[in-house]
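Asker: Dock chain R against the given chain P, drawing on the hints supplied.
Protein chains: 2
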Amino acid sequence: MPGVAARKNQERKRENAMEQPAADDYAKERYGVLPLIQSQDKPDRVLVRVKDLTGEKADEVVWVRGRVHTSRAKGKNIFLKMVFEWVCTNCILHILLRIKENICQFQIYVISLAEPRLPLQLDDAIRPEVDGEEEGRATVNQDTRLDNRVIDLRTCTSQAVFRLQSGICQLFRETLIQKGFVEIQTPKIISAASEGGANVFTVSYFKSNAYLAQSPQLYKQMCICADFDKVFCIGPVFRAEDSNTHRHLTEFVGLDIEMAFNYHYHEVVDEIADTMVQIFKGLQERFQTEIQTVSKQFPCEPFKFLEPTLRLEFPEALAMLREAGVEMGDEDDLSTPSEKLLGRLVKEKYDTDFYILDKYPLAVRPFYTMPDPKNPKTSNSYDMFMRGEEILSGAQRVHDPQLLTERAMHHGIDLEKIKAYIDSFRFGAPPHAGGGIGLERVTMLYLGLSNVRQTSMFPRDPKRLTP
Amino acid sequence: MPGVAARKNQERKRENAMEQPAADDYAKERYGVLPLIQSQDKPDRVLVRVKDLTGEKADEVVWVRGRVHTSRAKGKNIFLKMVFEWVCTNCILHILLRIKENICQFQIYVISLAEPRLPLQLDDAIRPEVDGEEEGRATVNQDTRLDNRVIDLRTCTSQAVFRLQSGICQLFRETLIQKGFVEIQTPKIISAASEGGANVFTVSYFKSNAYLAQSPQLYKQMCICADFDKVFCIGPVFRAEDSNTHRHLTEFVGLDIEMAFNYHYHEVVDEIADTMVQIFKGLQERFQTEIQTVSKQFPCEPFKFLEPTLRLEFPEALAMLREAGVEMGDEDDLSTPSEKLLGRLVKEKYDTDFYILDKYPLAVRPFYTMPDPKNPKTSNSYDMFMRGEEILSGAQRVHDPQLLTERAMHHGIDLEKIKAYIDSFRFGAPPHAGGGIGLERVTMLYLGLSNVRQTSMFPRDPKRLTP
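Chains P and R are the protein sequences, given in the same order. Per the UniProt record's numbering, residue 1 is the first one in the first sequence, and the count goes up by one each step. Per the UniProt record's numbering, residue 1 is the first one in the second sequence, and the count goes up by one each step.
Chain P with its partners taken away, still in its complex shape (with noise of 0.2 Å):
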């Protein structure tokens, strides 16, 4: 019967894995490792998580399931830390126990025993830097992290970090859905790099070659042509860019949106900021705990913004980082430390964190952006900031074939290539506007941390692909 052999030789381990008991244990009918859990049974025992221990379960006696953090004994677990000493950190214990100030009755079993040693230590991976710094105690660099990243996800800050990124899609989809927004799946395998080429990742396909979507643009907007009016999408974003910056990853996952509007792209951009600003109300209210168990590590202070949205145009942009001292021409694009710094002017000036910068020159954005009809040097685009980066880039889009393949050719596009794509606009466009958000930069940027690294499960980037 396979398993039988693994199993005995598991527990084998598993009963050297605790060290003898002493001569005078009292209670040894009342611990022991159990078996492999195989769905042998179905008890009616009813097993509470720790985390759903409460004072209303006082004095009642309870089965309860739990994993031994030594850093998490305190209180009226503070005796799981004495009597598990033998018991290594992270296994997985099945107790008896009355929650009482005296316990007086408690049976122990281990369900999943871990190996002795950790990679990391889970004291040490909640411990805010600036006290390491200060009091020289161990904190736990990112690659040691990533590279155990099942052990770095049980701490109760990347607990938070991720169930609170739960919550910003959840919140993205309940705001469009309830706005009349239709979800649509758009493919990754994709048999032309539409922008040109760059930075595309190449597939196998069978007997020829595929790429990996940069965005999911094109689709978006033929579901806009083929009149589903709204839509929007959460999906994988593939980048071959080798960019090893904090806020880089060759995939990361877009929040995107594209919607036909009646006269005006703003009509568009004011459902996009008003979904932004739906998301940080949503996460203000129902993930408090979660904002600040993180800030308890990552100190930050509070995400702040608008409403309505700010919306600056470029030349305002311009005009106040000239002021500052920055060197910059007319339709030159923004660095990042330019974004950086503007930021900083506009949170003094209008006390936000999120603001719209409106007006792009047309020079600095693609080729299928709409040209401004009142000013040739500026084009129908935004970009979305937070915390002075930024984490949205749209645009009203060319919807006349004409015109766009007029913007193809003056951007020296070889037409051949986006055939498919202008091809999409020939059989009546309505006129419309969306943009694409980055998830791991909203969760970064609104949570106060410094690296996108944190906010991505399994990150990936030039130099990581595991695990």
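Since the hints were derived computationally from the structure, they do not count as laboratory data. Treat the hints with caution; some may be incorrect.
Any copy, or any two copies together, can satisfy a pair, since identical chains are not distinguished.
List time: in silico EDC-like cross-link candidates among lysine to aspartate or glutamate, alpha-carbon distance up to 16 Å [stated by the list, open to error]: (1) Lys42 <-> Asp270; (2) Lys359 <-> Asp330; (3) Lys207 <-> Glu241; (4) Lys463 <-> Glu241; (5) Lys463 <-> Asp333; (6) Lys359 <-> Asp41; (7) Lys377 <-> Asp44; (8) Lys51 <-> Asp229; (9) Lys347 <-> Glu301; (10) Lys304 <-> Asp124; (11) Lys230 <-> Asp351; (12) Lys463 <-> Glu60; (13) Lys207 <-> Asp242; (14) Lys347 <-> Glu389; (15) Lys207 <-> Asp461; (16) Lys230 <-> Asp52; (17) Lys281 <-> Glu316; (18) Lys230 <-> Asp274.
Answerer: This is chain R only, laid out in the frame that chain P set:
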């Protein structure tokens, strides 16, 4: 100024596109082609969508945006068909009208022109196939539809299919979030092909190679080991399988669940089955219009299910099939025809289109499947079926590194390649189970459609990578 030449050109084209109005055209001030909408203005004028025109608006003067579908011109907007014979089908219009039986007031402007010849006719695209055969009237074949997906997606049938699909995702998440699950995001680019390397797409990753994930399973399991307890994700899944069938795609959307349990994997099976039931009920309640619309073109019996879900064990299914004349060994897997036959037999006997088949032979399941402790030839694994086709495959997973190693060796898998996977369980892992659901299959089978390409917006198979 960019765009000027193109716009001029385009307006000329638009003028040519319209047939010359007759000399005695009394309404010539009331129609025309508007300049390209580049967000020039923000008029106060409210613009209603055609689908939102209701009786409440009778006798009001409203501006409407609509697309010219001659196929849809009936009842109160029959006049469009007559007046607009000079405008090509699929243009987008702004129309001022008073909704009354005798329309006496209107203005009509084109805001987006379509090419005069459409590659497929919407009338043909929504015709039930049986009509086509009986009456000799045209229908549209699948490749023509998929080659011109933007137009095909405009049919009321396609709109209904994909709005319902959006609803499936929404109901799946709503139910799981309600049950305390956390949404996770798992990487699609992975460093090693976890299940041995068959059917996996290779990606060029900077100077080395990587792979596209065949499922998020490893990452879901790592989240369970990291104490997230109950997780789900929705995302693309890649299979480099050269299968050209009605139900295989090389890229599809997986709805994935993984959950720690207390004593028995049926705790998880029950949660998954209940999630499916909540989806079926939600679709019935919220998407009745869509279901009716699709059934006009593709007639089918309403989807039936039981509450709680029927769970059969493999030997029971085997007995039913043998009684129906199928020859099968005790440890054989079900063939596709056997699955379909079983679906019919179960429907006859239990009157349900949805059921669980539990306790598959160990020999036909992957190495990480937990063996049944009471029967060496059986495993703690299950499939779920809709209308006789598999939509979910799942199991209790082996959470003990030693047993996992033994099982992998039994399957002849190179341990070096799955080291990271096995190591995930070395620091305490709770017993857990899960499964993956194919979104396109659920949509197809719920609606009684016959090809998964009808329920994938932009399907990918060995022969199709476009659009």
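Asker: Tell me, which hint numbers fail for this structure?
Answerer: When the structure is compared with the hints, numbers 5, 7, 10, 11, 12, 17 turn out to be violated.
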